[in-house]
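Heads up: the protein sequence lines correspond to chains A and B, in order. For the first sequence, the working numbering assigns the number 1174 to the initial residue and increments by one for each residue that follows. For the second sequence, the working numbering assigns the number 87 to the initial residue and increments by one for each residue that follows.
Any given hint could be a false lead.
[To be verified] Incomplete in silico selection of chain A near chain B, CB under 7 Å:
id: 1; residue: G1219
id: 2; residue: V1224
id: 3; residue: G1290
id: 4; residue: D1322
id: 5; residue: D1326
id: 6; residue: G1421
id: 7; residue: R1423
id: 8; residue: E1614
id: 9; residue: N1615
id: 10; residue: G1661
id: 11; residue: G1668
No wet-lab data here; the hints were simulated from the structure. Just so it is clear, CB atoms sit at the ideal spot from N, CA and C, and this is done for glycine as well.
The residues making up each chain are set out below.
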Amino acid sequence: MSPATKYETHEHDVLIIGAGGAGLRAAIEALAQGARVGVVCKSLLGKAHTVMAEGGLAAAMANVDKADNWRTHFRDTMSGGKYLNNWRMAQLHAQEAPDRVRELEQWGALFDRTDTGDILQRAFGGHTFKRLCHVGDRTGLEMIRTLQDRGVDLGFDVYMECTITRLLKDGDRVCGAFGYWRNSGNLVVFKAKSIVIATGGIGKSWKITSNSWECTGDGMALAYEAGAELLDMEFVQFHPTGMVWPPGVRGILVTEAVRGEGGILRNKNGERFMEKYDPKRLELSTRDIVARSIYTEVREGRGSEHGGAYLNISHKPAEYVKRKLPSMYHQFKELADVDITKGPMEVGPTCHYVMGGIRVDAETGQSTVPGLFAAGEAAGGMHGANRLGGNSLSDLLVFGRRAGLAAAQQAGKCPATAIDNAQIEAAERDLLAPFTRAGGENPYKIHENLQDVMQSLVGIFRNDEDLRKAIVELEKLKARAANASASGSHVYNTGWHLTRDLQSMLTVSEACAHAALARTESRGAHSRIDFPKTEDAWGKKNLIIAKKGSAMTLTEVPRGAMPAELQEILAESK
Amino acid sequence: MADATATLRVFRGDAETGKAVDYEVPLTPGMVVLDAIHSIQANQSPDLAVRWNCKAAKCGSCSAEVNGRPKLMCKTRMDSLPPDQPITVFPIKTFPVIKDLVTDVSWNYEVNKKIPAFKPKPNAEWKMYQRDVDRGQEFRKCIECFLCQNVCHVLRDHDKKQDFGGPRFFVRTAALEMHPLDSRNRIPLLREQLGIGYCNITKCCTEVCPEDIHITDNAIIPLKERVVDQFYDPLTMIVRKIFPAK
Ligand SMILES: Cc1cc2nc3c(=O)[nH]c(=O)nc-3n(C[C@H](O)[C@H](O)[C@H](O)COP(=O)(O)OP(=O)(O)OC[C@H]3O[C@@H](n4cnc5c(N)ncnc54)[C@H](O)[C@@H]3O)c2cc1C
Ligand code: SF4
Ligand code: SF4
Ligand code: FES
Chain A
1174 MSPATKYETH
1184 EHDVLIIGAG
1194 GAGLRAAIEA
1204 LAQGARVGVV
1214 CKSLLGKAHT
1224 VMAEGGLAAA
1234 MANVDKADNW
1244 RTHFRDTMSG
1254 GKYLNNWRMA
1264 QLHAQEAPDR
1274 VRELEQWGAL
1284 FDRTDTGDIL
1294 QRAFGGHTFK
1304 RLCHVGDRTG
1314 LEMIRTLQDR
1324 GVDLGFDVYM
1334 ECTITRLLKD
1344 GDRVCGAFGY
1354 WRNSGNLVVF
1364 KAKSIVIATG
1374 GIGKSWKITS
1384 NSWECTGDGM
1394 ALAYEAGAEL
1404 LDMEFVQFHP
1414 TGMVWPPGVR
1424 GILVTEAVRG
1434 EGGILRNKNG
1444 ERFMEKYDPK
1454 RLELSTRDIV
1464 ARSIYTEVRE
1474 GRGSEHGGAY
1484 LNISHKPAEY
1494 VKRKLPSMYH
1504 QFKELADVDI
1514 TKGPMEVGPT
1524 CHYVMGGIRV
1534 DAETGQSTVP
1544 GLFAAGEAAG
1554 GMHGANRLGG
1564 NSLSDLLVFG
1574 RRAGLAAAQQ
1584 AGKCPATAID
1594 NAQIEAAERD
1604 LLAPFTRAGG
1614 ENPYKIHENL
1624 QDVMQSLVGI
1634 FRNDEDLRKA
1644 IVELEKLKAR
1654 AANASASGSH
1664 VYNTGWHLTR
1674 DLQSMLTVSE
1684 ACAHAALART
1694 ESRGAHSRID
1704 FPKTEDAWGK
1714 KNLIIAKKGS
1724 AMTLTEVPRG
1734 AMPAELQEIL
1744 AESK
Chain B
87 MADATATLRV
97 FRGDAETGKA
107 VDYEVPLTPG
117 MVVLDAIHSI
127 QANQSPDLAV
137 RWNCKAAKCG
147 SCSAEVNGRP
157 KLMCKTRMDS
167 LPPDQPITVF
177 PIKTFPVIKD
187 LVTDVSWNYE
197 VNKKIPAFKP
207 KPNAEWKMYQ
217 RDVDRGQEFR
227 KCIECFLCQN
237 VCHVLRDHDK
247 KQDFGGPRFF
257 VRTAALEMHP
267 LDSRNRIPLL
277 REQLGIGYCN
287 ITKCCTEVCP
297 EDIHITDNAI
307 IPLKERVVDQ
317 FYDPLTMIVR
327 KIFPAK
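Turn these sequences into a full structure, and let the hints guide you.
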């Protein structure tokens, strides 16, 4: 039977997998190029992870600090990333972010304002100047709604609550994708000339995480299975401030804007411990440093009541706190019975962001597989070993746009491709297998164990022994996941959905553990207790994960020399 | 506390049939209803359907009727509910059930498409002051939980989905109409396609909004005034054109 008759089929020039900031911005650009665009997402439109972003979006607009410019933003980003960033991406990002913000405003976004009527910017860790454009502490909502409205206005087709489980190829090239509707369990095939992966992060593999159920690394796993390379997978950011109490909210993010607005961290003895770890930048040091500092305080017995640190903003006027941090105010009041205008919050590190991802060309977001592009958190390189706060939202816009543009241009030149039924049938068999394994294991249990393994063995501090153990444990979990079962109907069956998401989580977790074991140094978010120093030699190479046959392979690639003009910027004093 | 449990009475079923099923769930400090639902999924019934994303009242995915009241499950503490009786968790009533707690809210996305997007005034200077954007920002806090749509009697009891846009889309229209730099006029749309005349200002929508948006006072009533001005009072309309209100 041809796919057109057996499966629901849709055809687009550009298929975008993911409707967060990166996917929506890519879609808008591809539409502007005249391409027929389809956007697929696992949740409803407007609910992607981007909606949760709080603190702001970094762009050197110089509205508040007139001395700011792209060169300083570039230097801050590289320094925060411990110079492992793809410098061309860091350059493009710093240069183009202000235009991308202005565009949002022209599409209807309402940012907080300065007294002179411009977009207000706030301080954030690692940024030399006040640089984060924001709307209170709900910047992501403003951004996603603006992009969503723009996309609807331009007329994209959105396939909501639809999960892609496999990329389809014709020879070397991607030519489509296979997935299922969460609402019905029905199968669907998308034919496309180019595909942009904008599926976000991988944080759901860790127990304490700020990430939603969607962040299972699907896009990276899909790309990996299709032959693409993954880069820097050892670099996972633990945000210093997640909630720690009560248990149900553990990991939920406390925006860095609390510190940006003047919040102070103390241990149980009342000591402002950041004076010890980074006396110059204190609470506004980079995230890797603040997270390790809190972790160390707790480990050495100076933690707060529930094993974190105290973060206090109550020295600011209550009205100010409520206006600048309204959702933090409500979050603590309603979920933790704490009034942050009166007393401190308890905070501790939470898994937040992955710097690694699909290896892409800086200008176009093109992966190593023809026809396949990636942008946003799913793509690697831009943030090096550690991301600065606010640099993700701007990354989504800058590289979402670039990927959408290149994908549309390439679609125009794409040779005719054909869908291979055998690939679709194999994908269908894999997807439905859990229903045939009556009596197999409950996927929720496997997920819980995976989270324990990653949390305890591939966490903030790592060592050789733990990482080797993690790899052994992951093998066992893979075997168990292959025997996970689903029961009930195919309609909105969350257990069944999890059996598929687990596959992705296991792939990215394995990639992370292997890369973390191989990188025998400490740099940015990757801290090896057994190799505490940052080594120049390691700064000259990236680690690449790829699939060869059925095996996961790891190779080192040299980074080449940075152009002289960028080196000069890094050498400039502030 | 350690051994304390609660009984959740959860709707299980689909568009055709369904029934309430009781589950015993162990209680933990600070637990919210969504935690309890997740505990049922993990330990008792992996195929229980529910939507959620943020678990922090930011995405508007987890709307349901808890003990008969429209709520975000991630924001509803178990210790705010009477401990001695089963806690009922049902899907929001105004939209068709797909399965268990998941409803078909696609109608909302269709209504949304009728509203013309922001279109800046020609030669706008892009200067806006905080006082000019305060009102718009209030409306843009909307997380599209659709709880207001769920309780509005025009939709819930009278099923006027053909003729009426509902409070969520009055909020969106108000944000656009009160944007200091917008150039469009959506007043005829409000009257004709979104049926704002059906609203009789009961304020039920405002009461349930988890974002505390003053839907009726700040969005609907000013919009109704504009409808009246434009359609029934040509003189005010001319004055407005000369001295625009926004
Ligand atoms: C609580 C929180 C606060 C944050 N605050 C900030 C901040 O203030 N500033 C900042 O710069 N960054 C912030 N970040 C980081 C930033 O929000 C994310 O990195 C960013 O939003 C990721 O965007 P994205 O477009 O790459 O992906 P996402 O927004 O995660 O979207 C991914 C999309 O892909 C879809 N998808 C995934 N898998 C599949 C599949 N298999 N099939 C179909 N669709 C799929 C999902 O449904 C979703 O639509 C924050 C993160 C968190 C968790
Ligand atoms: S005030 Fe109007 S829109 Fe709101 S619930 Fe009542 S009738 Fe519906
Ligand atoms: S206006 Fe309030 S109740 Fe209505 S959808 Fe938006 S957030 Fe929900
Ligand atoms: S899960 Fe996002 S609002 Fe409840």
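Hints, verified against the model:
1. G1219: Cβ of G1219/A sits 6 Å from chain B, so the hint holds.
2. V1224: 5 Å, holds
3. G1290: 4 Å, holds
4. D1322: Interface hint status for D1322/A: holds (5 Å vs cutoff 7 Å).
5. D1326: 4 Å, holds
6. G1421: Holds: closest Cβ of chain B sits about 4 Å from G1421/A, inside 7 Å.
7. R1423: 10 Å, violated
8. E1614: Violated - the Cβ of E1614/A stays beyond 7 Å from chain B, reaching only about 11 Å at its closest.
9. N1615: It holds, given that the least Cβ distance between N1615/A and chain B is near 6 Å, below 7 Å.
10. G1661: 4 Å, holds
11. G1668: Holds, about 3 Å.
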